[in-house]
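Chains as they are written, first to last, in the numbering used here: chain A, 6 to 384; chain B, 180 to 296.
Hints in this document: simulated from the structure, not taken from any laboratory.
Backbone N, C-alpha and C define an ideal beta-carbon position, used for all residues, glycine too.
Honestly, I wouldn't trust all of these hints.
In silico DSSO-like pairs for lysine-lysine, Cα to Cα no more than 27 Å straight-line [as the list claims (entries may be wrong)]:
{"hint": "1", "chain 1": "B", "residue 1": "K214", "chain 2": "A", "residue 2": "K119"}
{"hint": "2", "chain 1": "B", "residue 1": "K200", "chain 2": "B", "residue 2": "K226"}
{"hint": "3", "chain 1": "B", "residue 1": "K214", "chain 2": "A", "residue 2": "K266"}
Per label pair, the in silico range of CB-to-CB distance [claimed, not checked]:
{"hint": "4", "chain 1": "B", "residue 1": "I221", "chain 2": "A", "residue 2": "E23", "range": "15 to 23 Å"}
{"hint": "5", "chain 1": "B", "residue 1": "Q253", "chain 2": "A", "residue 2": "R269", "range": "30 to 38 Å"}
{"hint": "6", "chain 1": "B", "residue 1": "C215", "chain 2": "A", "residue 2": "L134", "range": "20 to 28 Å"}
{"hint": "7", "chain 1": "B", "residue 1": "I293", "chain 2": "A", "residue 2": "Y80", "range": "50 to 58 Å"}
Each chain, written out:
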Amino acid sequence: MVLAYLVAAGMSKIGRREETSRELIIEAFKEVLEVVDPDLIEAIYVGVQSETYEHQIMYGTLAAEALGLLPKEAYRVEACAAAGALAFHTAVMAVKSGLVDVALAVGVEKMTAKPTEEVTDALMAASDLVDQLSGITIPAHYALVARRYMYQYGAKEEDLCAVAVKNHKHALDNPKAHFRRAITVEECLKSRPVATPIKLLDSAPISDGAAVAVVASERAARRMTDTPIKILASAVATDTLSVSQREDMTWPFAVWEAAGKAYRQAGVEPRAIQVAEVHDAFTINEVLMYEALGFAERGKGYLLAREGQTYIGGKIPVNPSGGLKARGHPIGATGLAQIYELYLQLTGRAGRRSTNAEVGIAVNEGGVNSAAVVHILAV
Amino acid sequence: MTSLLFKALAEGRLVGSYCPKCNAYYFPPTPMCPKCRGDAQIVDVPKRGVVLTYSEVYVSNGLYEPPYYVAVAQFGPFRVPGPAASRVGIGDSVEWRIVEIKRPPGRWYRFYYIEDQ
Numbered sequence: 006m007v008l009a010y011l012v013a014a015g016m017s018k019i020g021r022r023e024e025t026s027r028e029l030i031i032e033a034f035k036e037v038l039e040v041v042d043p044d045l046i047e048a049i050y051v052g053v054q055s056e057t058y059e060h061q062i063m064y065g066t067l068a069a070e071a072l073g074l075l076p077k078e079a080y081r082v083e084a085c086a087a088a089g090a091l092a093f094h095t096a097v098m099a100v101k102s103g104l105v106d107v108a109l110a111v112g113v114e115k116m117t118a119k120p121t122e123e124v125t126d127a128l129m130a131a132s133d134l135v136d137q138l139s140g141i142t143i144p145a146h147y148a149l150v151a152r153r154y155m156y157q158y159g160a161k162e163e164d165l166c167a168v169a170v171k172n173h174k175h176a177l178d179n180p181k182a183h184f185r186r187a188i189t190v191e192e193c194l195k196s197r198p199v200a201t202p203i204k205l206l207d208s209a210p211i212s213d214g215a216a217v218a219v220v221a222s223e224r225a226a227r228r229m230t231d232t233p234i235k236i237l238a239s240a241v242a243t244d245t246l247s248v249s250q251r252e253d254m255t256w257p258f259a260v261w262e263a264a265g266k267a268y269r270q271a272g273v274e275p276r277a278i279q280v281a282e283v284h285d286a287f288t289i290n291e292v293l294m295y296e297a298l299g300f301a302e303r304g305k306g307y308l309l310a311r312e313g314q315t316y317i318g319g320k321i322p323v324n325p326s327g328g329l330k331a332r333g334h335p336i337g338a339t340g341l342a343q344i345y346e347l348y349l350q351l352t353g354r355a356g357r358r359s360t361n362a363e364v365g366i367a368v369n370e371g372g373v374n375s376a377a378v379v380h381i382l383a384v
Numbered sequence: 180m181t182s183l184l185f186k187a188l189a190e191g192r193l194v195g196s197y198c199p200k201c202n203a204y205y206f207p208p209t210p211m212c213p214k215c216r217g218d219a220q221i222v223d224v225p226k227r228g229v230v231l232t233y234s235e236v237y238v239s240n241g242l243y244e245p246p247y248y249v250a251v252a253q254f255g256p257f258r259v260p261g262p263a264a265s266r267v268g269i270g271d272s273v274e275w276r277i278v279e280i281k282r283p284p285g286r287w288y289r290f291y292y293i294e295d296q
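Extracted from the complex, chain A is given alone in its bound form (with noise of 0.2 Å):
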């Protein structure tokens, strides 16, 4: 089979910044200029979720534009969060078919400078036009399925607050992670109400931020590093826009589509998987990815955060970057950025938050698990 192979990735500081989108994109790519000559790249692909925050679309065209590689073949793709992971999808799209050797996939978001109202607007635009006019918030979705969760399996606040508590102490060993500040349980229990059972500090939080990754053939992957890293699956699905009309409203059901068509891609089982980067928008989601990757049972997830198997050094390291949760979520980087840490970590360039693997996994959806899109990446 043709492989398409990532050879190098970049991304900005994730955080409150200052910087517009444009700069932030120029930011991240710098980082990917040790290894590649730009003009090898013939095609880009932009995930970003929303025209509103800074009054812009055309992002491929503005990427492309800023990076010095007009006229090149560059657009936009979106899904909302699942953007940044979409467009790398696409770039490996791009190269397998041989259209190109080279492609440049891009996220970005540049959310921080609009109030938390118009943000919860703008994100709202991923639900059913019913749920919209029924007031039901992005975070109020995640909450909807945690009450159910919580109901059908157990689960207590504190499990949920378990994920946040682990992906704070991950980000404490980033330097490019939105928040690098260890908190407890007992404060996450104590935090402020988003959406009920959901509390300011089991969600992520509104950043800026970008992330580029180069996708290459083989060919060409040879010519740039020694140590390209396989993409050995690269695989996309979708569920319901509203999370009421699901069978079991707790199942992320195109996760799991995915998860199951990228091992088949890959010809590998969960039990293989040495790092996993996973979409922890909100805590209860961390749970139950565990279950639709298969590193849980169904209904069990949520005893893994507990148990703290996920920790870097635990069964399954999830979040080594300290996740959404506390890298941060600038929406359309988000996809790009685990691929990032991803990168970082099966190259060994992860420094003390490194788990020392070589086969690496990362799921970034959109909506409310609306569409998923899953990557296996090996050495």
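Since chain A is already given, all that's left is putting chain B on it; use the hints.
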């Protein structure tokens, strides 16, 4: 799809769709069954339902004044997401009522807690 719902709300009804071929029900109403792609029929959502899950929302997009309540409730064959008039719990009985709202589409529905008989 949702215009079918808006039209019904204007008439004081809450409706979904039924596909006689697949024996499947959909909310919000849709003109085409997503399973067999045949014509779906518009049918009324039963008045009484049971809460499956709920949340009290504190951070809004400006549409509703927080804190407010939202829920998903099962009304016969339909599972409906919506705003609730008061705090509700899983398993509570509710009924839907049409309420006037000051923004398009002018009418919406809301879940009201009812004492079990």
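Hints, one by one, checked against the model:
no., hint, result
1, K214(B) / K119(A), "41 Å, violated"
2, K200(B) / K226(B), "25 Å, holds"
3, K214(B) / K266(A), "22 Å, holds"
4, I221(B) / E23(A): 15 to 23 Å, "53 Å, violated"
5, Q253(B) / R269(A): 30 to 38 Å, "35 Å, holds"
6, C215(B) / L134(A): 20 to 28 Å, "24 Å, holds"
7, I293(B) / Y80(A): 50 to 58 Å, "52 Å, holds"
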